[in-house]
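Quick mapping for you: the protein sequence lines, in order, are chains A and B. Just so it is clear: in the first sequence, position 278 is 278 by my numbering, and no numbers are missing. With the second sequence counted from 1, adding 1000 to any position gets you my numbering.
It should be emphasised that the hints constitute simulated quantities derived from the structure, not laboratory data. One or more of the hints may lead you astray.
Claimed, not checked - In silico SDA-like links for lysine to any residue, alpha-carbon gap of 20 angstroms or less: (1) K4/A to Q1017/B; (2) K1174/B to K262/A; (3) K212/A to E1042/B; (4) K262/A to P1219/B; (5) K1174/B to P194/A; (6) K1280/B to K262/A; (7) K262/A to E1065/B; (8) K1072/B to T199/A; (9) K1280/B to Q17/A; (10) K235/A to E1065/B; (11) K1323/B to L1267/B; (12) K1278/B to E192/A; (13) K212/A to K1280/B; (14) K1278/B to T199/A; (15) K1315/B to P1219/B; (16) K212/A to P1219/B; (17) K1255/B to Y113/A.
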Amino acid sequence: MARKISMKQAINEALDQEMARDPSVIVMGEDIVGGAGGDGERDAWGGVLGVTKGLYAKHGDRLMDTPLSESAYIGAAIGAAACGMRPVAELMFIDFMGVCFDQIYNQAAKFRYMFGGKAQTPVVIRTMVGAGFRAAAQHSQMLTPLFTHIPGLKVVCPSTPYDTKGLLIQSIRDNDPVIFCEHKNLYGIEGEVPEASYTIPFGEANVVREGKGCSIVTYGLMVHRSLDAAAALAKEGVECEVIDLRTLSPLDIDTVLESVTKTGRLVCVDEASPRCSIAADVSAQVAQQAFGALKGPIEMVTPPHVPVPFSPPLEDAYIPSAAQIAAAVKRTFAGGKH
Amino acid sequence: MANITPIVMPKWGLSMQEGTVMSWLVEEGATISVGTPILEVETDKIANAVEAADPGLLRRRIAGEGQTLPVKALLGVMADVEVSDAEIDAYIAAYVVPAVSEGDEEATPAYSFADVDGIRVRFARRGGDSGVPVLLLHGFGGDLDNWLFNLDALAERAPVIALDLPGHGQSDAKLPGTSAKALAAFVVRFLDQLDIESAHLVGHSLGGAIAAQIALDAPARVASLALVCGAGLGDEIASPYIEGFVAAGSRRELKPVLEMLFADPSLVSRQMIDDVLKYKRIDGVEDLLRRLGGELFDGGRQAAQPARELGSVGKPLLVLWGKDDRIIPAAHAANAPPGATVKVFDRAGHMVMMEKANEVNAMLKQHIGA
């Protein structure tokens, strides 16, 4: 079958198959159908980048175009989830979460806990993350740490079409609120994806490259940059192990610790801002739980602590590169300072 | 140049594109006979020894240890003593790695699909069109890639078809029934679909029991039988394996289970575990395996033992086993009916067709040629 599809198609297929399987799955968001009330081309857009294109023709009004009010429709999705539906809400860019944050962190994340386990909130909020799209400071952020910080939310950020389909299906079937982060610069990458439905459990990191020299722990677009760095380092005789966390909450720290115990070295790569990031979190946990295994200082590779620049050369310089990751790996061997 | 024989990177399985030379097992200047392990090669799926297909004198080791090279790349050169070093240098300089182009693969797709009784099954077809075909049947939870070291080797002798059983590999996650009889009937209808009158059946583990059942129920469709660590010849089967395989939901849980399959557990690669997990995570598969395992192998006992009745069928029978098989004891080979050819390999486990690929291929070729 060796069928290759893009990450965008993997998302569409996961939504399509889950809508066909479970009538309580509904999809809502801005322009996800596209052109409602227009000249009959109700399925024209399929969202801002066409991810949901074609689903309206198959599932009709279980896909809803919403008004341009995130606070209203994210709240509606959470309410529908509390009442037994399985809504998948698309919130164009994670940068827009601010206006509906109360619904997410103070309501959805708390229902199961505050109602003594009697309420569940099986909502998925799909959202685009990441820089490199020339979309400026308000449409380019990697805000994964904000959501990972909140108990009660699950946070997913896949790096391949295969993982995307399996994790999105898992997210839809999961009974807790899930923030599903899609890197917009990965929408076009292709990979082998089974036609049948399948799930990937949360909290299982993927060792995407094995090596004994240094562990590189990352997720999302940075998995690909880290693999590039590992390939370059292999030519110099340094074998890196690259770990794709896949889900940030729950976090598979066991796989990280196992790897660091083997390699004795750790580089955490994160596209989020450096302070209180996933990289900082993983580094702290390793320092706490596997200090004895470390042969060199833990290194972090992140953007600088500034907004994402709009200038293309500055934006390119902002996003961590394979060269920066390779240099960080070498620092773990050199014993520290640059 | 007629007396220069190249040693090239083998192609093990349909997806292999490159391999890494782990170590040379013979020195330059050594005389090699057919079947001598020459060097150890590792792919992302598994490691194995490249064995000599022709006898000769190893004149030159070209591939360095640790080097990753494409399929058909020149690894070494064998030549008679009369051949000068200059001639060998010229041969090496002129060698061009034959391209395995995308176009070739599209012309002969690696896999095909057939619809049998409403179940879509995947199969691979190799070799020519003439002669009685060989049908390879994998075991419980396996798929046609279990034959990656055997498919192309057997295809030199006869057309070869390897099937993903229903509910396995990339076939639909559906079963035609959970008994050996139902699975055998399904395979016969698969042969109907492909217009195959009769075939040499080669069955591994559960596939062996299915092959034996076909020989009992539809003897006209069977030219010969080969059972590789076959089920159906005795009572016991390791329930920790069957139950562990069904229950394992993560790489950590699955690894020790898969290690039971090999005499050398280091053969279980990350890629092998990932491939099995990808299969197991498809909707319906876990439930289907639980039902199948429960019906066929409940409590560590084989419910049906059709291979014990093969004496009455009178088909040529080859029984191969790994001595260290921890799933089905190699002692079951003794239950083979009189007249069967039996071979038990040392230092091999349940996946003997992988661990002793070259020897198994040689015996299978001889068996189907007889």
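Consistency of the hints with the structure:
no. : hint               : verdict
1   : K4/A to Q1017/B    : holds (17 angstroms)
2   : K1174/B to K262/A  : violated (41 angstroms)
3   : K212/A to E1042/B  : holds (17 angstroms)
4   : K262/A to P1219/B  : violated (55 angstroms)
5   : K1174/B to P194/A  : holds (15 angstroms)
6   : K1280/B to K262/A  : violated (28 angstroms)
7   : K262/A to E1065/B  : violated (23 angstroms)
8   : K1072/B to T199/A  : violated (37 angstroms)
9   : K1280/B to Q17/A   : holds (18 angstroms)
10  : K235/A to E1065/B  : holds (14 angstroms)
11  : K1323/B to L1267/B : holds (17 angstroms)
12  : K1278/B to E192/A  : holds (11 angstroms)
13  : K212/A to K1280/B  : violated (29 angstroms)
14  : K1278/B to T199/A  : holds (9 angstroms)
15  : K1315/B to P1219/B : holds (8 angstroms)
16  : K212/A to P1219/B  : violated (54 angstroms)
17  : K1255/B to Y113/A  : violated (36 angstroms)
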